[in-house]
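Asker: Listed here are the chains, written in short residue letters.
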Amino acid sequence: MTATGIGAPVRRKEDQRFVTGQGRYVDDFNRPGQAHAYFLRSPHAHATIRSIDTSAAAAMPGVVAIFTGEDLARDKVGGLICGWMIHSKDGSPMKAGPHPALAQGKVRYVGDHVAVVVAETVSQAKDAAEAIVVDYDVLPAVVDGVAAQKAGAPQVHEVAEDNTVFRWHLGDKDATDAAFARAKHVTTIDLVNNRLVPNPIEPRAAIGDYDPGNENLTLYTTSQNPHVARLVLSAFIGIAPEHKLRVIAPDVGGGFGSKIFIYAEETVCVWAARKVGRPVKWTSDRTEAFLSDAHGRDHATHAEMALDENGRILGLRVQTVANLGAYLSTFSSSVPTYLYAPLLSGSYDIPAIYAEVDGVYTNTAPVDAYRGAGRPEATFVIERLAEVAARQIGMDPAKFRRKNYVRSFPHQTPVIMTYDAGDYVTTLDKALEAADYKNFGRRKRESARSGKLRGIGFSSYIEACGIAPSQAVGSLGAGVGLWESAEVRVNPTGSIEVLTGSHSHGQGHETTFAQLVSDRLGVSIDSVSIVHGDTDKVQFGMGTYGSRSGAVGMSAIAKAIDKVIAKGKKVAAHVLEASEGDIEFKDGKFTVAGTDRSAAFGDIALQAYIAHKFSGQDLEPGLKEGAFYDPTNFTFPAGVHICELEIDPDTGIVSIERWTAVDDFGVIINPMIVEGQVHGGIAQGVGQALHEGAFYDASGQLVTASFMDYRMPRAADLPSFVVETTVTPCPSNPLGIKGCGEAGAIAAPAAVINAITDALGHEDIAMPATPQNVWRAAQKTPMRMAAE
Amino acid sequence: MYAFEYHRPTSLRQAASLLSKNEDAKILAGGHTLLPTMKQRLASPSALIDLSKVEDLRGIERSARAVTIGAMTRHGEVAESADVREAIPGLAEMAELIGDPAVRHRGTLGGSVANNDPAADYPAACLALGATIVTNKRKYTADEFFTGLFSTALDEGEIVTKVSFPIPQKAAYAKFRNPASRYALVGVFVAKRASEIRVAVTGAGEGGVFRWAEAEAALAKRFAAKSLEGLTHPAEGLNSDLHADAAYRAHLIGVMTRRAVQAATSR
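Those sequence lines, one after another, are chains A and B. Residue numbering for the first sequence is 1 to 788, as defined by this note's numbering. Residue numbering for the second sequence is 1 to 267, as defined by this note's numbering.
Think of the hints as simulated: they come from the structure by calculation, not from any bench. Since the structure is predicted, the reported quantities are computational estimates derived from the model, not experimental observations. Positions of the beta carbon are idealized from the N, C-alpha and C atoms, including for glycine. Among these hints, one or two may not hold up.
[Unchecked claim] Below are the DSSO-like pairs computed for lysine-lysine, each with C-alpha atoms no more than 27 Å apart in a straight line:
{"no.": "1", "chain 1": "A", "residue 1": "Lys126", "chain 2": "B", "residue 2": "Lys53"}
{"no.": "2", "chain 1": "A", "residue 1": "Lys126", "chain 2": "B", "residue 2": "Lys226"}
{"no.": "3", "chain 1": "A", "residue 1": "Lys780", "chain 2": "B", "residue 2": "Lys26"}
{"no.": "4", "chain 1": "A", "residue 1": "Lys452", "chain 2": "B", "residue 2": "Lys226"}
[As the list claims (entries may be wrong)] To spell it out: a stretch of chain A is covered by chain B in this simulated footprint if at least three of its residues, at any positions, have a beta carbon under 8 Å from a beta carbon of chain B; those stretches are:
{"no.": "5", "segment": "698-711"}
{"no.": "6", "segment": "726-738"}
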């Protein structure tokens with residue numbers, strides 16, 4: 001390991017820029033002659049639009065133009081798409097209603113886009129928006145997924161009867177029913193996975209810019225995947241041909257999934273820029289972010305686990321209703337299906353699994369991928385079931401997990417996945433030791449003496465990252481491939497630019513990707529630049545989400561580096577007057593094997609460009625190589641998180657006292673950045689478990705539409721985490737990386753709720769376990785204690 | 001935010017004159033409620049009269065019997081004041097629990113009491129300590145001053161200039177924060193003076209800050225947390241929202257009252 005190579009805790013190169021306020025985010029960009037957009041949004045959850053009168057507004061000071069859905073329709077601008085086709089169990093395709101960027105005749109949630117005002121200033125645009133007269137015929141609304149399927153519920157889209165988009169299933173029903181029929185014990189739980197608002201610190205923003213001279217359009221946008229945005233805007237929405245549309249996603253301040261999607265606002269900004277012949281800028285305010293960023297989670301689940309007389313799991317049966325909101329967001333259909341049910345096996349050897357998932361429309365903001373995307377929901381189901389089952393049969397929850405772990409690899413689950421590598425027992429042992437599990441009983445008694453209820457909870461999660469290979473995801477309904485691209489450009493002076501299709505919005509790619517180059521080419525990370533986020537620079541890429549950038553994005557870079565070394569050897573053979581087969585590359589030097597003749601990497605780069613030592617007919621000048629990398633499998637990070645907490649039964653306040661995380665992320669590039677990812681993930685997972693929740697009232701108004709009511713996790717809520725790792729290298733990619741960005745958020749909710757229920761002595765607590773909910777739950781007689 | 005005129009007078013007289021001349025003008029004392037409301041276009045005053053340069057309205061004076069605090073004194077100044085910490089430590093501790101550091105460095109005593117947010121902390125301190133609220137026109141007892149949700153006895157054109165807090169024998173504040181906003185979900189200020197014992201509750205009541213007579217009577221027998229055993233506040237008349245329904249608030253009133261008495265009696 002070199003000082004800046006793989007495995008080194010290198011300080012983040014990008015932090016100097018960020019902490020000194022030199023980052024350049026979309027809102028920092030301003031184009032000459034720019035006008036500002038403001039979106040008039042629906043105040044109603046469900047209404048038909050009888051008419052929109054913009055005449056008075058159009059005459060107001062500073063107004064450049066006002067557009068409605070009719071204008072988009074007239075220009076044949078396509079609707080927003082959902083890029084993953086799900087088929088119901090009867091074989092029929094999912095029932096997707098229209099999703100116009102501006103409403104056409106109907107609004108379906110509070111915050112839905114009714115019209116856009118383009119004006120000289122934001123303030124003037126807002127003033128004019130207030131003067132637009134919309135005649136609504138307000139309709140009854142439905143906000144709850146389960147209620148939406150009931151007879152007589154308001155119909156959100158005509159095409160989806162009972163508001164049901166799909167009735168999907170996975171697994172072997174008969175085998176699972178047979179497993180339950182011979183079970184000695186069945187554990188049953190009902191869970192709600194609460195709806196969350198992503199809340200990245202930077203709200204979404206967009207600038208559309210049109211160059212009439214060459215008819216080029218540029219979109220500056222807060223995107224995790226600018227090429228995918230361009231593809232969708234071009235091929236499906238019809239904004240401009242792909243070669244006439246440039247999408248730039250500069251510094252982006254967090255995404256957590258919410259910036260994967262192609263939304264109405266950026267679509268309208270880039271379209272409107274050509275209509276008005278001026279750049280059009282929009283920056284979301286926080287209220288708009290609450291109302292219209294795609295939300296996360298929102299599942300209602302009934303789950304059962306069948307056990308034999310020894311406590312071994314025989315089968316799993318799961319029924320979930322997934323609230324998808326008012327429209328299908330870009331990848332919404334994949335999240336509660338293929339990103340969820342295939343993870344229900346957890347880290348356990350379960351012979352039979354059957355899952356049914358209904359995707360449902362409601363009059364709420366669209367729901368899509370949010371940190372973990374399907375996997376936190378699956379982990380919550382299996383890890384709550386494991387804990388409850390262990391308690392019911394009187395087995396220590398750690399022992400129960402150990403007994404049921406997958407122990408040999410590769411392991412084929414009954415729900416698609418082939419786990420490639422792992423060592424769950426070692427991870428559990430390390431976590432039990434680090435958490436001082438054996439002395440928990442003493443700590444619980446000490447807490448009891450001061451009137452506090454102490455509990456401990458496990459989450460032995462597994463996740464699947466770097467969704468792949470493309471051929472396989474295509475067969476499951478994905479509209480795109482999930483490979484990644486890279487180009488390594490070596491300059492004549494030996495400095496290097498790496499163009500990557502991954503996109504960094506907090507992950508630290510400028511550091512970790514440079515570490516890979518430093519490690520492989522023996523150069524300083526300071527001579528490496530990582531270029532991303534611009535479709536004019538990077539040829540194509542799939543972006544960053546699903547903890548894929550290390551496993552997939554860096555593997556593409558590694559592949560391109562291999563090609564650079566191979567080309568360098570050819571150049572070196574000429575320079576060192578040896579045969580190509582005798583050239584070795586090591587520690588930044590090309591050497592003739594068995595001799596002391598060598599040339600530094602930078603010298604060979606120069607020779608490649610000046611091309612004096614070889615014939616341009618025999619060997620192409622230059623040193624630049626590209627690669628597309630498609631993995632052979634998902635990766636399977638796994639780990640054990642143990643949460644220990646205290647409840648004040650007088651107030652219901654939960655205090656997390658200890659947190660132990662032992663994760664197997666495979667090979668780690670930068671342990672400091674990985675630890676940061678784990679910290680952030682746990683914080684978000686604790687946020688879901690204890691604090692966060694998006695609540696709509698019965699009329700469809702978002703009650704938690706600001707930080708006055710939506711409670712984010714705070715630093716003071718969290719203890720100092722104990723974070724450790726185990727390593728089984730991933731066999732499915734050349735670097736052995738598994739991915740770490742979502743693990744904490746996937747693991748944490750089950751660990752917290754398992755600890756709370758342990759402290760309470762009963763299982764009846766919903767997320768978020770707010771002080772009020774915990775206090776109320778603490779009033780109930782603990783069933784287990786009563787039975788003891 | 002809509003357009004408005006901005007005035008920054010340097011004397012109370014100028015401020016009062018501007019206020020009387022501008023219909024729909026608002027006093028800007030700290031702005032932590034007013035400015036967000038204006039940004040959301042939920043308030044549109046014709047003018048803001050910023051009192052930050054009226055030096056007479058700032059400062060803390062301590063006499064043998066009272067601590068008097070200028071209306072434009074920031075929460076942070078009250079929290080850090082050695083005089084307040086010594087004379088009425090409960091009041092300094094209360095100020096330290098308001099919002100976050102940014103709020104405490106902008107928000108003011110006068111702004112808080114004049115706004116009378118039903119979840120604000122200062123109204124509980126004023127009511128429990130038997131404070132006198134002084135304006136440019138007259139003086140009010142705290143009992144007269146706080147008249148309901150966001151409403152006070154202030155007349156049009158009247159400006160709070162200072163608040164005088166009699167020094168109690170014992171006092172303390174216990175606050176249960178709203179998990180999201182950090183306002184008081186339930187805040188209880190207890191004060192023991194030679195003449196009386198008061199228990200003032202903020203954050204919980206439908207009509208804003210109120211006194212809990214039963215607790216005051218129980219504590220009058222003996223000023224100790226034990227005196228409150230078995231005493232519960234009824235849920236009737238209390239707020240219900242996402243974070244706490246009336247029953248939970250009622251329970252918390254009991255818990256916070258006990259904790260405030262414990263804090264007051266343990267120093």
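Asker: Each of the hints needs a verdict: does it hold here or not?
Answerer: Structure-based check of all given hints:
no., hint, result
1, A/Lys126 - B/Lys53, "33 Å, violated"
2, A/Lys126 - B/Lys226, "58 Å, violated"
3, A/Lys780 - B/Lys26, "50 Å, violated"
4, A/Lys452 - B/Lys226, "20 Å, holds"
5, 698-711, "holds (count 7)"
6, 726-738, "violated (count 0)"
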